[in-house]
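Enquirer: Sequence:
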Amino acid sequence: LGPDSDRRTERPGRAAWIGRALDNDIVIHDVLASRHHAFLTPTPAGPEIRDANSSNGTFVNGVKAGSAVLSEGDVVTIGNVDLVLSGGILVRRQEAATRTGGLEVHGVEFSVNGKNLLEKISLTARPGTLTALIGGSGAGKTTLSRLIAGYATPTSGVVTFEGHNIHTEYASLRTRIGMVPQDDVVHRQLTVNQALGYAAELRLPPDTSKADREQVVAQVLDELGLTQHAQTRVDKLSGGQRKRASVALELLTGPSLLILDEPTSGLDPALDLQVMTMLRQLADAGRVVLVVTHSLTYLDVCDQVLLMAPGGKTAFLGPPDRIGAAMGTTNWAQIFAKVGADPDEANRRFLAQNKPPPPAQTEAPADLGVPPRTSMRRQFSTIARRQVRLVVADRAYFVFLALLPFVMGALSLTVPGHTGFGYADPTSESAGEAGTILTLLTMAAAFMGTALTIRDLISERPIFRREQAVGLSTTAYLLAKIAVFCVFAVAQAAVATAIVVVGKGPPKRPAVLLGNATLELFVAVAATCVAAAMLGLLLSALARSNEQVMPLLVVSLMMQMVLSGGMVPVTNRIFLDQLSWAVPSRWGYAAQASTVDLWAVAPGPQSPRDSHFQHTSGTWLFDVGMLALLSVSYVAVVRWRIRLKQ
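For the sequence shown, the working numbering gives the first residue as 41, with consecutive numbering after it.
It is worth saying that the hints were derived from the structure and are not from the lab. Positions of the beta carbon are idealized from the N, C-alpha and C atoms, including for glycine. Be a bit skeptical, because a hint or two may be false.
Label pairs and their in silico Cβ distance ranges [unchecked claim]:
(1) 439 / 640: 36 to 44 Å
(2) 320 / 278: 14 to 22 Å
(3) 454 / 556: 54 to 62 Å
(4) 598 / 251: 51 to 59 Å
(5) 153 / 126: 43 to 51 Å
(6) 538 / 317: 53 to 61 Å
(7) 251 / 83: 21 to 29 Å
(8) 278 / 395: 24 to 32 Å
(9) 599 / 640: 27 to 35 Å
(10) 85 / 340: 53 to 61 Å
(11) 598 / 618: 13 to 21 Å
(12) 679 / 608: 54 to 62 Å
(13) 538 / 613: 29 to 37 Å
Kindly generate the complete structure, drawing on both the sequences and the hints.
Expert: Following this line, the structure appears as structure tokens:
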């Protein structure tokens with residue numbers, strides 16, 4: 041069943057399979073339906089629908105159900121398709137019923153801490169229509185769009201789409217609503233085809249074959265006129281083309297309601313026209329399209345305009361060519377000034393000219409439910425492969441990361457002296473050589489790890505938030521990134537350690553635990569680099585903008601340099617000693633000092649002696665264990681910071 045379906049139905053007098061595959065008794069032509077999605081079987085109480093472990097679930101009257109006995113008129117939702125039990129036969133809901141439904145916003149109000157952000161907003165948008173939400177700052181345009189998308193629940197009023205209450209049946213409607221935020225939600229380092237390919241893996245059912253995913257991507261690219269740019273990197277596209285790519289991500293799942301927040305922001309008039317023309321075409325294909333915009337030049341392509349006054353009040357609703365008759369002028373500057381000066385009067389004038397709708401019956405919102413998602417393992421694999429490609433595709437950054445361990449390792453060779461990690465004469469220039477080498481090696485690990493990850497989360501925050509909303513697991517996302525970054529961090533640590541060992545010689549004292557002192561030194565450096573990478577992720581999660589990344593990196597490295605214990609003694613120093621426990625360099629330096637037996641090879645005054653430098657297996661394990669504990673702690677805070685707020 042679907043747009044190209046033979047509309048086969050099955051009388052529930054015998055068992056019947058329902059799904060996307062052609063061998064089903066009832067075929068659902070929808071990308072969100074699993075190949076074998078559900079099973080319909082007769083029972084003495086009536087036909088019973090049973091979900092067959094589908095990816096996106098089976099819904100009965102808007103409620104997700106593992107199994108349910110159907111009654112006359114019950115609506116079964118599979119993917120984006122509604123089936124109705126009518127006369128004992130399971131049939132697709134009539135297209136006419138859907139078209140007369142569309143989007144209905146009925147008497148919606150929304151308040152926060154007693155302050156009204158939206159006041160009695162009513163709006164009807166039929167399939168095939170384009171509606172613009174306009175108004176000055178603080179008018180509630182974005183608030184209304186997010187409420188319609190299901191991200192917020194109205195204080196009163198009802199929002200329905202295709203006959204379903206968005207806020208009480210959100211779990212079944214989630215895939216029918218596409219939300220394109222103001223920020224681009226595609227990775228700029230990838231080609232358009234790559235970005236859509238990874239998105240299709242995350243959003244489409246896991247039983248969708250690679251060929252089917254490629255077909256869906258190709259269809260979306262063709263509809264948006266991006267086929268010729270499929271192999272072009274997103275950062276090489278024009279502003280309008282990048283916005284099309286963001287829209288393409290949402291079209292992968294075939295939504296019938298598309299909401300865009302400021303899609304023309306920052307675009308010149310020519311690109312503005314391109315985007316608005318694209319939205320007109322998307323609406324003409326049978327979708328309900330809502331666009332929040334400050335651009336007023338091309339509103340004539342819209343079917344209707346909702347002008348919102350400050351405080352979330354309606355000042356005008358209707359075709360754009362009637363704005364002059366309603367407002368007394370077609371000059372938008374004068375209209376906005378008039379509405380902004382007295383929003384209550386603008387709202388009263390609108391209500392006087394338009395019959396108010398009857399009071400809406402507000403229903404209690406249902407649990408949003410768990411977003412339909414592919415398995416953790418599949419998401420982990422997709423995100424990990426995408427992350428590797430992102431790192432490699434950013435050529436300048438990748439070259440920087442590749443050269444960094446060579447540069448940092450070479451800097452350690454500039455330390456004067458000839459004893460390396462061996463015993464040094466207290467009166468020679470080599471007296472502090474071992475300690476200085478360890479300090480540089482520790483700071484190299486701290487720099488490499490932090491620089492590897494500190495810009496990652498903040499740079500793709502809008503992308504992650506949208507992927508989260510459509511089912512991406514926060515845990516899978518983080519674990520995939522951690523796995524990739526750990527591999528890069530360990531590789532960098534190996535290069536830097538190898539350069540130091542070759543240039544200065546291996547540790548002269550025996551290993552305390554692993555049997556080989558060089559291996560033990562490498563493990564300590566690698567653990568430091570990994571912990572610093574996790575610290576970088578934490579800083580990236582805490583940053584509010586990309587501009588904050590560099591200051592955070594500098595402050596972090598300065599703190600780690602001071603608190604490592606290699607340059608400035610921190611043992612038994614109030615505040616410094618306690619603070620040093622929270623940074624990787626403190627324990628990385630201590631673990632390396634334990635391996636090389638710094639107390640023995642660097643004679644001289646070391647008072648007070650740091651007990652974490654002892655050349656014993658217990659001390660070394662404690663130091664490395666602290667690095668592991670810090671890493672886990674950083675990741676826990678990151679997960680808390682970026683988790684999805686319902």
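Enquirer: Now tell me if each hint is right for this structure.
Expert: Checked hints:
About 41 Å separates the C-beta atoms of residue 439 and residue 640, a value consistent with the hinted range of 36 to 44 Å. Here the CB-CB span from residue 320 to residue 278 is close to 19 Å, well matched to the stated 14 to 22 Å. Checked against the hint of 54 to 62 Å, the C-beta distance between residue 454 and residue 556 comes to roughly 26 Å, which is inconsistent with it. Here the CB-CB span from residue 598 to residue 251 is close to 53 Å, well matched to the stated 51 to 59 Å.
Between residue 153 and residue 126 the Cβ separation comes to about 47 Å, which falls inside the hinted range of 43 to 51 Å. Between residue 538 and residue 317 the CB atoms are about 58 Å apart, so this pair conforms to the stated range of 53 to 61 Å. Restraint check, residue 251 to residue 83: a C-beta distance of roughly 38 Å breaks the suggested window 21 to 29 Å. Checked against the hint of 24 to 32 Å, the pair residue 278 and residue 395 fails, with Cβ atoms roughly 45 Å apart.
At about 29 Å, the CB distance of residue 599 to residue 640 agrees with the hint of 27 to 35 Å. With their beta carbons about 56 Å apart, residue 85 and residue 340 fall inside the hinted range of 53 to 61 Å. The beta-carbon spacing between residue 598 and residue 618, approximately 18 Å, falls within the hinted interval of 13 to 21 Å. Separated by about 33 Å at the C-beta atoms, residue 679 and residue 608 break the suggested range of 54 to 62 Å.
Between residue 538 and residue 613 the beta carbons are some 34 Å apart, a value that agrees with the proposed interval 29 to 37 Å.
Consistency with the previously given hints fails for numbers 3, 7, 8 and 12, ordered from lowest to highest.
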